[in-house]
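S.K.: Sequence:
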Amino acid sequence: MKVTTQKFSDVPEQSRPRERLTEYGAKALANHELLAILLRTGTREMNVLQLSMKVLSEFDNLFMLRHVTVEELVSIEGIGNAKAIEMIAAIEFGNRVARASQIKEGTVTSSSFVGTLLQEELGGLQQEHVMALYLNTKNEIIKKEIVFKGSLNSSVAHPREIYRGAVKYAAARIIIAHNHPSGNPEPSEADLSFTKRMTKAGEMIGIDLLDHIIIGENSYVSLKEQGII
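Per the UniProt record's numbering, the sequence shown starts with residue 1, numbered consecutively.
The set of hints was computed from the structure by calculation and includes no laboratory data. There could be a bad hint or two in this list.
Claimed, not checked - In silico lysine-lysine, BS3-like type, Cα no more than 30 Å apart, as pairs:
(1) Lys138 - Lys200
(2) Lys149 - Lys168
(3) Lys200 - Lys224
(4) Lys196 - Lys144
(5) Lys149 - Lys138
(6) Lys168 - Lys138
(7) Lys200 - Lys168
(8) Lys200 - Lys143
(9) Lys168 - Lys196
(10) Lys196 - Lys143
(11) Lys224 - Lys144
(12) Lys27 - Lys168
(13) Lys83 - Lys27
(14) Lys143 - Lys224
(15) Lys138 - Lys27
(16) Lys143 - Lys27
(17) Lys144 - Lys27
(18) Lys83 - Lys138
(19) Lys168 - Lys144
(20) Lys144 - Lys83
(21) Lys224 - Lys168
(22) Lys143 - Lys168
(23) Lys200 - Lys149
(24) Lys144 - Lys200
(25) Lys149 - Lys224
(26) Lys196 - Lys224
(27) Lys149 - Lys196
Unchecked claim - Label pairs and their calculated CB-CB ranges:
(28) Gly165 - Lys27: 15 to 21 Å
(29) Gln127 - Ser193: 18 to 24 Å
(30) Arg96 - Thr69: 15 to 21 Å
(31) Thr41 - Gln126: 51 to 57 Å
(32) Gln127 - Asn61: 51 to 57 Å
(33) Arg66 - Asn184: 55 to 61 Å
(34) Gly80 - Ala26: 21 to 27 Å
Idealized CB from N, CA, C, for every residue including glycine.
Hey, can you work out the whole structure from these sequences and the hints?
M.R.: The structure is reproduced here in structure tokens:
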């Protein structure tokens, strides 16, 4: 395959793979652009984009690369041993990610399940911690994380921060929980206001807020059980 030489420095910055990935995300890149990022550099005769297109032209489709060998890759002009090894490592890592199962942290069956689960984690803390539990369609917990620390009447406590995680983890629904350092789990006006904002935000983007659990020293309150959600 004859390739017309072009210096990579001649490629406009906004058209370079790394810059495009940063700006638009990996899904926006063509196959040869993703491969160019892995290869990093080209040769005297080809820039890295041209080299990546040459490599891909040696195979009928991407599936053929699943079982490619070092020997096959180094036989391609411009691919040395180091680049071949890096490519195979990246392919194998991608295969392992594709085969990986999502780790679950239990299945939510009731508000008492969540209250008991979080009592040890949040009860007794001297500062408010707001936790989000992200659930799939089977109510399995696919991610549990502290989303911020501080009072719910703070400007930091914004629904978009929590729902951003829900979108990231492809959650079908969420549960939020936070502790009251005073030990009294009864909801404050700020708690109720924040819950309403969360419910409205969830309705807008199609991700249900199942419950808001408030953890006290030795007890909890479920706003769902209280009929607020």
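S.K.: Now look at each hint and say whether the structure bears it out.
M.R.: We went through each hint and held it up to the structure:
1. Lys138 - Lys200: holds, 23 Å
2. Lys149 - Lys168: The given pair, whose Cα atoms are some 20 Å apart, holds under the 30 Å limit.
3. Lys200 - Lys224: Holds, because 15 Å separates the two Cα atoms, which is no more than 30 Å.
4. Lys196 - Lys144: holds, 21 Å
5. Lys149 - Lys138: Status holds; Cα separation ~29 Å.
6. Lys168 - Lys138: holds, 18 Å
7. Lys200 - Lys168: holds, 19 Å
8. Lys200 - Lys143: Holds, at about 22 Å.
9. Lys168 - Lys196: holds, 22 Å
10. Lys196 - Lys143: holds, 23 Å
11. Lys224 - Lys144: Between Lys224 and Lys144 the Cα gap is close to 19 Å, so the pair holds against 30 Å.
12. Lys27 - Lys168: Distance of about 15 Å is within 30 Å: holds.
13. Lys83 - Lys27: holds, 23 Å
14. Lys143 - Lys224: holds, 21 Å
15. Lys138 - Lys27: Status holds; Cα separation ~28 Å.
16. Lys143 - Lys27: Measuring from Cα to Cα gives roughly 23 Å; hence the hint holds.
17. Lys144 - Lys27: Holds, because 26 Å separates the two Cα atoms, which is no more than 30 Å.
18. Lys83 - Lys138: violated, 43 Å
19. Lys168 - Lys144: Cα-Cα ~13 Å, so holds.
20. Lys144 - Lys83: With Cα atoms ~38 Å apart, Lys144 and Lys83 exceed 30 Å; violated.
21. Lys224 - Lys168: Judged against 30 Å, a Cα distance of about 25 Å means the pair holds.
22. Lys143 - Lys168: Answer holds: Lys143 to Lys168 is near 10 Å, not above 30 Å.
23. Lys200 - Lys149: Holds, at roughly 22 Å.
24. Lys144 - Lys200: holds, 22 Å
25. Lys149 - Lys224: holds, 23 Å
26. Lys196 - Lys224: holds, 12 Å
27. Lys149 - Lys196: holds, 20 Å
28. Gly165 - Lys27: 15 to 21 Å: holds, 19 Å
29. Gln127 - Ser193: 18 to 24 Å: Once the Cβ atoms are compared, 20 Å apart, the range 18 to 24 Å for Ser193 and Gln127 holds.
30. Arg96 - Thr69: 15 to 21 Å: For Thr69 against Arg96, whose Cβ atoms are near 18 Å apart, the range 15 to 21 Å holds.
31. Thr41 - Gln126: 51 to 57 Å: holds, 53 Å
32. Gln127 - Asn61: 51 to 57 Å: Hint holds: Cβ distance 54 Å, inside 51 to 57 Å.
33. Arg66 - Asn184: 55 to 61 Å: Between Arg66 and Asn184, where Cβ atoms are some 58 Å apart, the hint holds.
34. Gly80 - Ala26: 21 to 27 Å: holds, 25 Å
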